[in-house]
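2 protein chains.
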Amino acid sequence: MNRVTAGEIAELAGVSQSTVSRALRGSPLVNPITRERVLRIANEKNYKVNTSASRLRSKQSRTLALLVHDDSDMGSDINPFFLSMIAAITKAAAEKNYDILLSFQQFSDDWIADYESSNKAEGVVMLGYGGYTDYIRKIGMLDNAHCVTWGPVIDGQPGHFVGCDNVHGGYVATQHLLDLGHRQIAFIGDVSDDCPEFQARHAGYRRAHEEFSVDPNPRLQATANPSELGGYEAAERLIDRDVGFTAAFCATDLNAIGAIRAFRNRNYHVPADISVVGFDDLPSIAYATPALTTVRQDTATAGDVLVETLLDLVRGNDVVSRLLPPELIVRQSSRRLRAEDAATSRSRPRLTDARTA
Amino acid sequence: MNRVTAGEIAELAGVSQSTVSRALRGSPLVNPITRERVLRIANEKNYKVNTSASRLRSKQSRTLALLVHDDSDMGSDINPFFLSMIAAITKAAAEKNYDILLSFQQFSDDWIADYESSNKAEGVVMLGYGGYTDYIRKIGMLDNAHCVTWGPVIDGQPGHFVGCDNVHGGYVATQHLLDLGHRQIAFIGDVSDDCPEFQARHAGYRRAHEEFSVDPNPRLQATANPSELGGYEAAERLIDRDVGFTAAFCATDLNAIGAIRAFRNRNYHVPADISVVGFDDLPSIAYATPALTTVRQDTATAGDVLVETLLDLVRGNDVVSRLLPPELIVRQSSRRLRAEDAATSRSRPRLTDARTA
DNA sequence: ATCTGCGATGCATACGTTTGCAATGGATTT
DNA sequence: AAATCCATTGCAAACGTATGCATCGCAGAT
Chain A
9 MNRVTAGEIA ELAGVSQSTV SRALRGSPLV NPITRERVLR IANEKNYKVN
59 TSASRLRSKQ SRTLALLVHD DSDMGSDINP FFLSMIAAIT KAAAEKNYDI
109 LLSFQQFSDD WIADYESSNK AEGVVMLGYG GYTDYIRKIG MLDNAHCVTW
159 GPVIDGQPGH FVGCDNVHGG YVATQHLLDL GHRQIAFIGD VSDDCPEFQA
209 RHAGYRRAHE EFSVDPNPRL QATANPSELG GYEAAERLID RDVGFTAAFC
259 ATDLNAIGAI RAFRNRNYHV PADISVVGFD DLPSIAYATP ALTTVRQDTA
309 TAGDVLVETL LDLVRGNDVV SRLLPPELIV RQSSRRLRAE DAATSRSRPR
359 LTDARTA
Chain B
9 MNRVTAGEIA ELAGVSQSTV SRALRGSPLV NPITRERVLR IANEKNYKVN
59 TSASRLRSKQ SRTLALLVHD DSDMGSDINP FFLSMIAAIT KAAAEKNYDI
109 LLSFQQFSDD WIADYESSNK AEGVVMLGYG GYTDYIRKIG MLDNAHCVTW
159 GPVIDGQPGH FVGCDNVHGG YVATQHLLDL GHRQIAFIGD VSDDCPEFQA
209 RHAGYRRAHE EFSVDPNPRL QATANPSELG GYEAAERLID RDVGFTAAFC
259 ATDLNAIGAI RAFRNRNYHV PADISVVGFD DLPSIAYATP ALTTVRQDTA
309 TAGDVLVETL LDLVRGNDVV SRLLPPELIV RQSSRRLRAE DAATSRSRPR
359 LTDARTA
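These protein sequences, in sequence, are chains A and B.
For what it's worth, our numbering labels the leading residue of the first sequence as 9, then goes sequentially.
For what it's worth, our numbering labels the leading residue of the second sequence as 9, then goes sequentially.
Since the hints were derived computationally from the structure, they do not count as laboratory data.
Honestly, I wouldn't trust all of these hints.
Which copy is meant is left open, so a pair is good if it fits within one copy or across any two.
[To be verified] As a list, the in silico DSS-like pairs of lysine-lysine whose alpha-carbon atoms are at most 30 angstroms apart:
1. 53 to 104
2. 53 to 99
3. 67 to 99
4. 104 to 67
5. 56 to 67
6. 56 to 104
7. 53 to 67
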């Protein structure tokens, strides 16, 4: 396609190829007038630096790899939250003149090393591996590799991570519900060791309770995998336990959507009977019915920080894992507890639907 | 990172660097026994071909660029359908040993040429430019460039396109509703010239009507931009027009979700009062309430065909634009028209909710 | 025994850039 | 006037691979 080389531009400009290279890269060594001429001619001839040659010589690829965990085998869809993250990371990289090499894969030990040693990329951002503790250990062993993972930040954990401050997120969500007068607040989400992120959100849930001197009822905790279906089933179990509750904090927006559907099926209205708070702020969640109160993870800054951190790592700087503060977004799915409900400490179906009468 | 070169492997194996190169690329020129030895040693030493050098010499990048239209400036979210497409394209490329370079950008005339002339990528897949007729013209002018766009396939249109057979999709969706006995079927979606894809879906809608010898009421067509909100507003307008209808075909799943919300607000139940069919089969749409009947675009084969077509183009083969057949997925949002509704030719709110009484 | 052919390998070059070093010339200093 | 310096430029050597061509040895043909 592009047959024109720096040498040809040099000839046209009456300088050496070295000068052309320097002019294009903005070296202070070249005279402004010369630079001007070179740039003009290069532009006229539609010259583009051959990146292969450039990379070979400079040993820099100006490229980052983005590895997105692919669990499509497991039937679960790719979380739509990821699209937002992928876009944010790509844009953040573009701002720093880095390209993004995208890959959907299962984690493999040498994938990261491969990408670096083949000079395809200078580093790797990993997405969607938050729940995989065993993989995290492997990552930790790759100290020499340049790799930053979006996921849970755990003290003393090897490797480099950037993640949402899930404890704080769980805290503000629960605090919000407590502020509204709720005292029986369910928690829907997986708190097993496999999911440190959700454990953290649950920790925030407990911290808020402590601060309000409320003992959370352990029977109000329902395990759910992060999907919509998981939320639906957990909510059903919760209702079946027949422990009263007036609010639910869900570890995921999808969980929340599922839970709301289950509540509605059992004739509990949200937020009239049960207040619900989610987590993630999925793109279209504001248009759900009712619009979901949730905890937003700001993907734009997340992308910035991930790229920034990775580039620091590449440059050989010291890097610390970082937590990003999430933000509570109050919408229509949470509301102040009504007096009568507070009195009975119990939410009951409001039989307002004729079909149930 | 990777200091070991083909030359060093050669030395260890007691052969020349040429032989190492040939052995690794599976050339028939090298003796199987030698190849074996070279491969073993290369593996031991964790040798990886330096792609920069390889690309420079061979003039092939084994990389495709994926340009996703970024309209985040316009406030609209990136369609979640795209995530599925991005994943599909990336996987399809990976199967053919191609890497994907991802970019979210506004369209720019020279972006494509840039990527090729800089040897960053051998071709470009474009996503999300379906609605941009003016850009399509520009693309057409880039005959020399290797570029395939996911979008509307229009007869005689310059450039190379792969898209869903929207006419057929609109047809099967509408046929399904007609089969169920519906005769007043609304169409929600943008039929302006800006959106050839939605025009095509509308054309399928009309063709189905013709086949059933039904005249579609033009007042049952409501323009909506592709978002959830667009569907909501269009549905409201539709109801306000006070023309009876018992079903709605929405140009987009998001439109459908919005429309269902609007219907529910006005106390029309889906599917009891109004059947709704969407388009796209978004990942989580099966879990909506009610589960949406929709037209699925199979992203996996779409990705395959896009990559296949682009690689054909790169190889210099003749390429034709291709249409992919969509598939009707029947779920809970569509149902057979009840006799009384058919009689009145009119859907009325069923006042089953006590609060509205 | 000489020749031909072929399978297997090595030699050497080119891909287009970046960059350390040397060179040039004019200006400033001593 | 000689010496020094600085700004600007050119020279030439890499970077690590792929590949056309030459080479070599051996088997089969004549």
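Cross-check of the supplied hints:
1. 53 to 104: within (26 angstroms within a copy, 34 angstroms between copies)
2. 53 to 99: within (29 angstroms within a copy, 36 angstroms between copies)
3. 67 to 99: Cα proximity of residue 67 and residue 99: in one copy and across copies (23 angstroms, 28 angstroms).
4. 104 to 67: both (18 angstroms within a copy, 26 angstroms between copies)
5. 56 to 67: This pair counts as both: shortest intra-copy Cα distance 18 angstroms, inter-copy 15 angstroms.
6. 56 to 104: both (19 angstroms within a copy, 27 angstroms between copies)
7. 53 to 67: This pair counts as both: shortest intra-copy Cα distance 27 angstroms, inter-copy 20 angstroms.
In terms of the numbered hints stated before, the structure departs from none.
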